[in-house]
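> Line by line, the protein sequences give chains A and B. Residues in the first sequence are numbered from 942 upward in steps of one, following the numbering used here. Residues in the second sequence are numbered from 13 upward in steps of one, following the numbering used here.
The set of hints was computed from the structure by calculation and includes no laboratory data. Some hints could be false.
One side of the interface only, derived from the structure: several residues of chain B facing chain A at Cβ under 10 Å [as the list claims (entries may be wrong)]:
no.: 1; residue: P27
no.: 2; residue: E39
no.: 3; residue: C630
no.: 4; residue: M633
no.: 5; residue: E659
Even glycine gets a Cβ: it sits at the ideal position worked out from N, Cα and C.
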Amino acid sequence: MSRTPKPPDRNTPPTVQRLRFRYAKRGRLRFTSHRDFQRALERAVRRAGVPIAYSAGFSPHPKISYAGAAPTGAASEAEYAELGVAVRCDPQALRAGLDAALPDGLDVLEVVEAGSGALADRLQASFWEIACPVEAAGDLASAVEAFLARDVVEVERLTKNGLRVFDIRDAVRRLDLTRPEPAAGAPSGGTTDLSIPCAILQVVVRHGTPAVRPDDVLAGLRLASGLELPPPHRMTRRSQGPWDEESGTVGDPLAPDRDASVTS
Amino acid sequence: MAVESLFPRLEPLLPAVQKPIQYVGGELNSTVKEWDSTQVRWALMYPDAYEVGLPNQGVQILYEVLNERDWILAERTYSVWPDMEKVMRDNAIPQFTVDGHRPVGAFDLLGVSFATELGYTNLLTALDLAGIPLEACERTDEHPIVLAGGHSAFNPEPIADFLDAAVLGDGEEVVLAISEVVREWKAEGSPGGRDELLFRLAVSGGVYVPKFYDVDYLPDGRIKRVAPNRSGVPSHVVKHTLMDLDKWPYPKQPLVPLAETVHERFSVEIFRGCTRGCRFCQAGMITRPVRERNISTIGEMVQNGVEASGFEEVGLLSLSSADHSEIGEVAKGLADRYEGSNVSLSLPSTRVDAFNVTLANELSRNGRRSGLTFAPEGGSERLRKVINKMVSEDDLIRTVATAYANGWRQVKLYFMCGLPTETDEDVLAIADLAQRVIATGREVSGRNDIRCTVSIGGFVPKPHTPFQWAAQESWENVDSRLSKLRSAIRSDRKYGKAIGLRYHDGQPSVVEGLLSRGDRRVGRVIRSVWADGGRFDGWSEHFSYDRWVKACEEALAGEPVDLDWYTTRERGETEVLPWDHLDAGLDREWLWEDWQDSLDEVEVEDCRWTPCFDCGVCPQMGTEIQVGPTGQKMLPIVGVSQTRQAELVAPAGSRDSG
Ligand code: SF4
């Protein structure tokens, strides 16, 4: 008679391939939290029949790793994750299958076979667009000036370990305000109504600990200018990737993988 | 005329509320139809937070059954959290559906499913936010018909003022019948307005319309009589019973939420009804007789549900799942089929016998073993006779011994406190039982790290059960018994640490008791609690006992009745009960005899295996027990996901071709 339940006699197949993908969180699905997305992805993986590899042990979990998820409520065109499969898959077919299994608004944009190096290490900076009510454009412009003029901007954020105060000024590598975008022809972000005229803040933040989020930047603008700025319509991460200090640009984190798979 | 989506107005407000994902809809397998292409429109509500309401099977089934008809539109709505309620009031956003974000007030019908009475105040919040007058008598032709269903609708009297109608029993067929009546009436140009529509529904015999019934009271506060005040309306309204569940294999398209909810699994109801005759169990009594799904339907539903949802866990649901006549075959068939996959299977096993352990072993072949659950309900042998839970202490010990011997480390035991005739000794017997469970477990497993969790709920006498006449125990007595039990368990050095005890205090049970057995006068209490800010009474952090006590005192002032009158008072044989005109099929005399038998500690058998003991359901409802065995086997199948997988797999040699 067995005394302890033995781990299931499942010969967990090894991971034969790792795939990295970029996905978008659009429209109303920007309200998914990171946990919500994880659950949705795991279910989609099963529905799509992805031969996902599992960890061994009592409660095996699918081999999926996530990096630098956008906060709940923020849209994104540049989220990344990596999954390990037990049977080699065709990245194109996987992209289509996974995208079809995910709800509209969680869209898989690209899948590549993983090359060497960790994906997380390449996610060094983000480029955000924050759309604000157009009436606020004047106030915003002066707030941006005040922000940029400062050496230190300390914002507060409630974390698991209580209220935390940290400087965000150094992480903000670029901050400018573009003029109101025309209502027509705005890129559609799923179901979000983009016909509302807005002024757009463009922000590049260098990732660090804690990561500076777009709402921290707004808090910083308020702090630096003393203005009560109206809440933004939406915040969208346009890109995320390696930071090039020289050119001041955010690169494509999947480029090395893509290059590797072409040359191999 | 099309109804506009409220989403554009809602969206900018969402970043300010907790868990905004619960308000955005778009769940996998959800439906948004065009408003104008349909003739009858239902808003279906589960009156609790989204995380509790979304997994509700009843709502999911009706949502699907209704939406399958091209002339019907059904959307869902849930209770909004207090922070959202404030945002909606500040911005004049009405109660909305999560599918099309349409205002609930624009629908033809608002169907509310009540699994528990503690959702009553949430109904009022939703009505008020929707701009629908709280009192049914103030509504006009512009407002939806507000209709209640679910177990609590078997006594809708406490919310009668707020309802236009109520439906008893299984909903699948009756929602379609109601839709037909509404369609016809609308096609005729809505003759006679709201009143005429309600009358048509009432005379159909399957819908209870409270306003067509008058209640008279005796000077001492008891009910004198309940009688129709309109000719053509039936004197008794009967429950609906769906026969042949195999013809209704819902949900076929289970809703898969993005937000986290209380049940993250796909559930298949393997049979409906229960004939074990536990005297405290309203669900068992009002869902008779037993109607089994056959093994092939179960197999298909599980397979389809897993494919359609991507859920990793499957629950085999019913009031007593191990009682299915082919449960052994079902468990083996499913375990074979999903062996080696990551689909885990569970059976809420409450029957206390070794067979259950065998089933649980079978279903957990995949390796997941959380805890085994048994429900002896009463601590002492005597009390278990009173409640007709036929299990002896030796049965229980034998069962848990088998469980621990098979490698389970944790066993959960469910009990109730406050049962009729209960004394301190009956409750303290739970401690002895738990200690014997641990002692036995240590002996058979040879280990010290085994546990037993004792979970105790307060007993509430429910309508349509033999205990409907019983006095509810006061919360003071319940609390004092539970604290004695706690010290008895804690003070035991040898076993105390291995026993976990979970219970709630007794006050919420009193309110549940008031709402369960209340009559129309209780409506005033509910309204006053709600006006005072009462919301989410099923949540301990929102529940306020004092608020209910105060509301009872004020709203019932001048009446010969009060909170105790409704709860801790025993009723006599001839007293007219508020739900006597609502027919669950159970013979009232049989219920009374069973109540008397209970006091004499006489047990009754399960009528599924023994001859009928004349509870009255089958002859009265024209139904019959439907059980197998069919003798069929569940066949292994090649799943859709395997087919899909083939599409994703790279052709051989693809590694070099890149
Ligand atoms: S009428 Fe007889 S067979 Fe039918 S549920 Fe009642 S006791 Fe059982």
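> Does B/E39 pass the interface hint, meaning its C-beta sits closer than 10 Å to a C-beta of chain A?
holds (7 Å)
> A closest beta-carbon separation below 10 Å is what the hint needs, so does B/M633 meet it against chain A?
violated (40 Å)
> For the hint on B/C630, just tell me whether its beta-carbon gets within less than 10 Å of chain A.
Violated, about 42 Å.
> Holds or violated: is there a CB of chain A closer than 10 Å to the CB of B/E659?
holds (6 Å)
> Under 10 Å is the threshold here; is the Cβ of B/P27 close enough to any Cβ of chain A for the hint to stand?
holds (5 Å)
Hints 3 and 4, counting from the list given before, are not met by this structure.
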